[in-house]
Amino acid sequence: MIRFWVLTLLSTLLLAAQGMASAQSTTFHTSGEFAETFSNANGSLVDIFAARGCIGDPCFTNNTILVIFAFVPTANGVVFLDGAGVIPDSAFQTNGPNHATLNVDTSQASGFIITACTFTPGSGFTCQPGPTGVIQVEWRRTRAGSTTLVEEDHTTRGPAATNTHKNQDFFTAAGSGSFFGTSFSDSSRSKIGTNKETVITINKQN
Amino acid sequence: MKRFLLSALLIGFGLVAVHGPAAAQTETFHARDAFAQTHFDVSGGEVDISVFRGPDGSGGTNTFLSYGSFVENPDGSATSTSGFGVIPSSAFDAQTLQHVTLNVDTSQVAGFRATTCIFSVTFTVTCTDGSPLGLIQIDWQPNGASSTKSVQHLSFTSGPFTRHLDFDQDESSADASGSYLGSSFTDPGRALVGKARDSTVSITRNN
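Residue numbers (our numbering), protein chains in the order written: chain D, 328 to 533; chain F, 77 to 283.
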C-alpha cells in the first residue's frame, strides 16, 4: 500500500512538473509612446499594440515592443495567433500624439515570437510557430476625443490568458495598414498616446 | 485590450440624474446586469452603440441606451452626434447572452435625449439638441474570440461632453449586425456582450 502511494505521489509530481514546463509567462512593461488598433482584416480580428517598453521586471532597458493577437476563422474552425516581443526601435515611429507608423518584418525581428494555436474539439489546442512577415500600420489622430484610462483586465484568447494593467492617456485615431499581406482599416477602435505604466503579462499553456 | 475608447463615446446606462450648476449638467447611471455594445465604421468616422440594464432605484430594472457618432467632413469640419436615455425594457432582449437583440425607435421614447455638434476647422463646437432620433435594430451573438473580466476607470472628453466611467464587468467578443437610423451595418467580431457587476457612468455636459 505504501508503495502504491509513493508511486502515486511521484506520478503526480511528474505530471505537475510537466505542466509547469509547458506553461510560459512573459511580462512587458511599457512607458512612453504607444499606438493600438483593433481591426477586422478580411474576416480575421487583429489587435496590434506597439509601444516603447521592455521585457522583464524590473525594466533595465528601453526598447520597442509589439504585441499582437488575431482570431482567424478557417474552414475547419479557428486559429488563435499570439505574438509578442522586442522589435527595432526604428520600426515604430511617432510624431507626438498626431501620427504614428509601424513597419516591421517579423521574420527579421529575432526578439519577436508568434504562435498559432488551432482548437480541435475533443483534443484541445494544438500550437506551433505562427506566420511571420510584414506588419504595417499608420495611425492618424482624429478629433473624436481624448481619454485617461486606468484598467485591470484578465482576458482569455484561446490558450493564452493575458493580465493587463493599463495606465494610459490617449487620443482617438484612425488606423490602417496590412497584416501579413491582408489590408485593414479602422476608424473606431484605434488609439494613439502615452503609457504612464502599462504592464502586460501573457500566460500560455501550450 | 478591449476597452474600446468608443465605448466611452456615449455610454448611457444609468439612472439617477443630478443637475449641477447651470453651466454644467451631470447625469449618473448604474448598470448591474446584461449589456451589449457595438462599434462600426462609417465613411469618414464611426458609430458607437451601447445598451445596458440596471436598477431603477425602486426594486425594478431599467434599460438604458446610448449611441453616438463622429464623422470627419470633407470640408475639414466634423459632426458628432449623441443620444441617450431610458428605453422600454422590452426593447432589449438579453435573456440569454448567446443571442441579444435591441429593437427601439428612439423618436417614440419620451425623455430620450439627442444632440448634434459641429466641430469647426478651428475646433469651435456648436451643438443643437433634438437629433438624431429613429429606429435602431441590432442582433448580437458571441463569437468565442475572447472573454474578459475587466475593471476600468476612464475619463473621456469629446466636444462639450466629459464622461467618467467606472466599469466592473465580464464581457465576451461578439458579432453584431443591424440597422442604425436607417442605415444597415455589420460589426463582425468586435462587438461585446456581457454582464456588469457594478458599473457607473457620469456624463457632464459643460455647456
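Be careful, since some hints might not be right.
Stated by the list, open to error - For each label pair, taking beta carbons as the anchor points, the in silico distance ranges come out as:
1. D:G359 / F:H229: 18 to 28 Å
2. D:D496 / F:D246: 45 to 55 Å
3. F:T137 / D:T528: 32 to 42 Å
4. F:T202 / D:S352: 44 to 54 Å
5. F:P264 / D:A350: 24 to 34 Å
Stated by the list, open to error - If you only want the chain F side, here are some residues facing chain D, beta carbon under 7 Å, derived:
6. H115
7. D117
8. S207
9. L211
10. S222
11. T233
Said to hold, decoys possible - In silico SDA-like links for lysine to any residue, alpha-carbon gap of 25 Å or less:
12. F:K225 / D:A350
13. F:K225 / D:E478
14. D:K523 / F:D242
15. D:K531 / F:T238
16. F:K225 / D:D416
17. F:K225 / D:T353
18. D:K523 / F:T238
19. F:K271 / D:E479
20. F:K225 / D:G460
21. F:K271 / F:G258
22. D:K531 / D:Q351
23. F:K225 / D:T521
24. F:K225 / D:T354
25. D:K531 / D:S417
26. D:K523 / D:R379
27. F:K225 / D:S510
28. F:K271 / F:T200
29. F:K225 / F:S153
30. D:K531 / D:T421
Keep in mind that the hints were calculated from the coordinates and are not lab data.
Idealized CB from N, CA, C, for every residue including glycine.
#### Entry: Hinted pair K225 of chain F and A350 of chain D, Cα distance within 25 Å
The given pair, whose Cα atoms are some 21 Å apart, holds under the 25 Å limit.
### Task
Go through the hint on S207 of chain F and say holds or violated, using the shortest Cβ distance to chain D against 7 Å.
Constraint on S207 of chain F not satisfied, violated at 19 Å.
### Query
Within a Cα-Cα threshold of 25 Å, do K225 of chain F and G460 of chain D meet the stated pairing?
Distance ~32 Å between K225 of chain F and G460 of chain D Cα, so the pair is violated.
### Task
Measure nothing beyond the straight line between the CA atoms of K523 of chain D and R379 of chain D; if it is 25 Å or shorter, mark the hint as holding.
Roughly 11 Å separates the two Cα atoms, so the pair holds.
### Task
Mind checking the CB of L211 of chain F against every CB in chain D and telling me if the closest is under 7 Å?
For L211 of chain F, the interface hint is violated, since the closest Cβ of chain D sits about 21 Å away, which is over 7 Å.
### Message
So if I understand the rule, the pair passes when the alpha-carbon distance is 25 Å or less; does K523 of chain D with D242 of chain F pass?
### Response
holds, 19 Å
### Task
Assess, step by step, whether the Cα of K531 of chain D is no farther than 25 Å from the Cα of S417 of chain D, and give holds or violated.
With Cα atoms ~29 Å apart, K531 of chain D and S417 of chain D exceed 25 Å; violated.
### Message
Restraint: H115 of chain F near chain D, CB-CB cut 7 Å. Satisfied or not?
### Response
Check passed: Cβ of H115 of chain F comes within 4 Å of chain D, closer than 7 Å.
### Task
Would you settle whether the hint for D117 of chain F is holds or violated, based on the nearest Cβ-Cβ distance to chain D being less than 7 Å?
holds, 4 Å
### Query
Between T202 of chain F and S352 of chain D, is the Cβ distance one that fits in 44 to 54 Å?
With Cβ atoms ~52 Å apart, the hint holds.
### Given hint T200 of chain F paired with K271 of chain F - CA-CA distance at most 25 Å
Violated. K271 of chain F to T200 of chain F sits at ~38 Å, over the 25 Å cutoff.
#### Entry: Straight-line alpha-carbon gap K225 of chain F to S510 of chain D, limit 25 Å
violated, 30 Å
Taken one by one, the earlier hints fail for this structure at numbers 2, 8, 9, 15, 16, 20, 21, 25, 27, 28, 29, 30, listed in ascending order.
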